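Novice: Following our numbering, the numbering of the sequence shown begins with 1 at its first residue and continues without gaps.
These are calculated hints, taken from the structure and not from any lab test. Computed from a predicted structure; not experimentally measured. Among the hints, erroneous ones may be present.
To be verified - Calculated cross-link-like contacts (lysine to aspartate or glutamate; reagent style EDC-like; alpha-carbon spacing at most 20 Å):
#, residue 1, residue 2
1, Lys168, Glu208
2, Lys69, Glu147
3, Lys313, Glu208
4, Lys576, Glu208
5, Lys576, Glu326
6, Lys313, Glu341
7, Lys138, Glu87
8, Lys277, Glu87
9, Lys170, Asp140
10, Lys69, Glu87
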Amino acid sequence: MGNCFSEDVSSGPGATASVSGTASSSSALATTNDAVDYYLKSRGYNGLFSQIELSFSATNLRDRDVLSKSDPMVVVYKKEKDETLSEVFRTEVVLNSLAPKWIKKFTLAYHFETVQTLLFRLYDVDTQYQNSREEMLKLDDQQFLGEATCALSEIVTKSTRTITLELKRKEGFAAQSQPHHGKLIIHAEECLASKITTEIVFRCSSLESKDLFSKSDPFLVVSKIVEHGTPIPVSKTEVLKNNLNPIWKPLFLSVQQVGSKDSPLIIECSDFNSNGKHSLIGKVQKSLADLEKLHLAGQGINLSLPTGAGQNKVLKSQLFVEKFTETVQHTFLEYLASGFELSFMVAIDFTASNGNPRLPDSLHYVDPSGHLNAYQRAIVELGEVLQFYDSDKRFPAWGFGARPIDGPVSHCFNLNGSSSYCEVDGIQGILTSYTSALFNVSLAGPTLFGPVINSAAMTASQSLAQGSRRYYVLLIITDGVITDLQETKDALVSASDLPLSILIVGVGGADFKEMEILDADRGDRLESSTGRLASRDIVQFVALRDVQHGEISVVQALLAELPSQFLTYMRIRNMKPGPP
C-alpha cells in the first residue's frame, strides 16, 4: 500500500461545510507565532488554539531535608529552538511530601502547528522561605530535586493525556552518587471553553456595486483587534457572485479565537477580484455579544467606509445577523484522545528547472556544512510537528519529474528506490532517501501533480476502506509551474471526499499563479472537468520567497489550518470521537 498509482480515486458523495478550528488565548505560551500571523493575514484563517490545563504530581522524590521530608515545588519553563529558557509557571509548595499532588494548575495555549517544548524543574523549598509567595522565591536558594522535559504534543496525543517523566539531574552537571530522582506525572485537560463554538449566518442588503459591467462579488472577513499591530483575520465567508443582497453560509467562531465574547471584531465586506486586490465595500465593528443582540432584535447595522483623516462615511448598505447559536463542538484533541492519527506523506519535485544538484546555485544543492536547502527545511519543519501524531512514524515519500537510471521520466517514483514499497523510517529516513535520490536519478520534467496526488488519494482511500482512524497530510514541494492544471483539479476534487489534506510549498523564483488557483481559500471551490465541485478545500499553498525574509516558518504557517480541515472532514462524515 502507498506506492505510485495513476487511477482517479474518490470515495462517494461529499457535502459542503466550512468549519473553523477551536481557538484560545492563554496566559502563557500564547505569544504571537510569526508563522501563524503570516498565515492569518494572508489567508484569513486561524490556527488551532485550544486552552489546556496541566496538573502535576510526583512519586519517589529525593529527600533533601534532615528532620523532615522535602517540601517540593514545580517550576515550568518554555524552551525555544535555540535552547533558551523562559520561566512561565510555578506551583505551590507542598510540605513534607515525597509523593506530592499539586493543586495549582498551569493554563497554556496548545498550538498544533509548532513544537512546544517544556522543561520542568523540581525544587525543595527551604523552611525559612515557606511563608513567602512562590513567585518571590529565589531558586538559587532552594535545593534542586530533578528535571524533565517533553513536548506538549507528547502529552495531548496520549489516550489518557497523561505522561510520566523520569526526573534527572541538570544537564552539564557531573553524575551524583544518588542517581535516583523520582518521577513527575503530568496530566492535560482541555478547557470546556475551547469547545464552545458560535455559528453565525450573515446577510447584507443594498450593497454598492464596485464593478463596471456587473454587480459586486461580495465576501466577509472577520478580524479580531489586537493591542499592537493590524487586525488579525480569524474567519471569512465564501464569495457570492453578482449579488448585492447576499446571504452567506454559516461562519463558526469560538470565544477563545476572538479573545472574549465582548472583544471588538471588525467585519469587512469586500468585492472579490481574482488578482487579489479586493475592493472594500464597507465595514462595521462589533463584538460577539453585540452580534447576538442584533440577531435577537432582528435589526441591521449600517456599513461605513473610511474617507481619510479618521472619518467614516455611513452607507445605506446594512449587515444583518440571520442566525446566532452557541454549541459545544468536538475538538481536534478529543479526536486524538480517541485514537485518530495524522499520517505524513511527502512528494518532491525533481524537475530540471531546480538546477544541477552538484552546483551551489541549485535548489537541490546539499551543503556539506549542514545548512538545509529549501526542500530539506520544509521536510524538517513540517515533519517535526507531525511526527508526534503518527504512532509508527513510517512515511510514504515520492519524487516526480525525474528519469530513474535506465528508465523513462517518472511522475511518481518511490524516493527510497524500491519498486515495491514507498515508506521510509522517520524524518531522517525522508532526508536520507532524498539525498540518495538526487544522485540516482536525472532531473527532467515536466511538472505534473496529478500522479502523486492520486497516489496519496489511493493510500487514503484504502485506509478509509479498512476502517483506519488516519488522516493523511501530503506535502508537495515544487519549484515550477504545473503543466497538468486540469488533471490536478480533477485529482483534488476526487480527493476532497477522502481523509487527506495537501500542503504545497513553492521554492525558487517561478510564477506560482496556478498554485493560487488550487488554493481555494482565494475564491471559488475547485471544479473538475466533469463539472463536479470539491466537497471541501483541501489545499494550502505558500511561496517560500514571500515570507523567507522574516525567518518565518512557512510550513508551520501551512499547518495552522490543518486541524480545521480535519474537523471539517469529520463533521461532513458525521464521524464522532469515541471514548479515550
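Novice: Each hint should be assessed against the structure and marked as holding or not.
Specialist: Here is what the structure says about each hint:
1. For the hint pairing lysine 168 with glutamate 208, the CA-to-CA distance comes to about 67 Å; that exceeds 20 Å, so the pair is violated.
2. In summary, the hint linking lysine 69 to glutamate 147 is supported, as the alpha carbons are separated by about 19 Å, within the 20 Å threshold.
3. A C-alpha spacing of about 13 Å is found between lysine 313 and glutamate 208, which places the hinted pair at or below 20 Å, so the restraint holds.
4. About 43 Å separates the Cα atoms of lysine 576 and glutamate 208, which puts this hinted pair outside 20 Å; it is violated.
5. Of the pairs offered as hints, the one joining lysine 576 and glutamate 326 holds, with about 19 Å between alpha carbons and a cut-off of 20 Å not exceeded.
6. Distance hint between lysine 313 and glutamate 341 is unfulfilled; the C-alpha atoms sit about 51 Å from each other, more than 20 Å.
7. Taking the CA atoms of lysine 138 and glutamate 87, the gap is near 13 Å; set against the 20 Å cutoff, the hint holds.
8. Distance check on the hinted pair: lysine 277 and glutamate 87 sit about 43 Å apart at the alpha-carbon level, beyond 20 Å; violated.
9. Pair hint lysine 170 plus aspartate 140 holds up; C-alpha atoms about 13 Å apart against a cutoff of 20 Å.
10. About 26 Å separates the Cα atoms of lysine 69 and glutamate 87, which puts this hinted pair outside 20 Å; it is violated.
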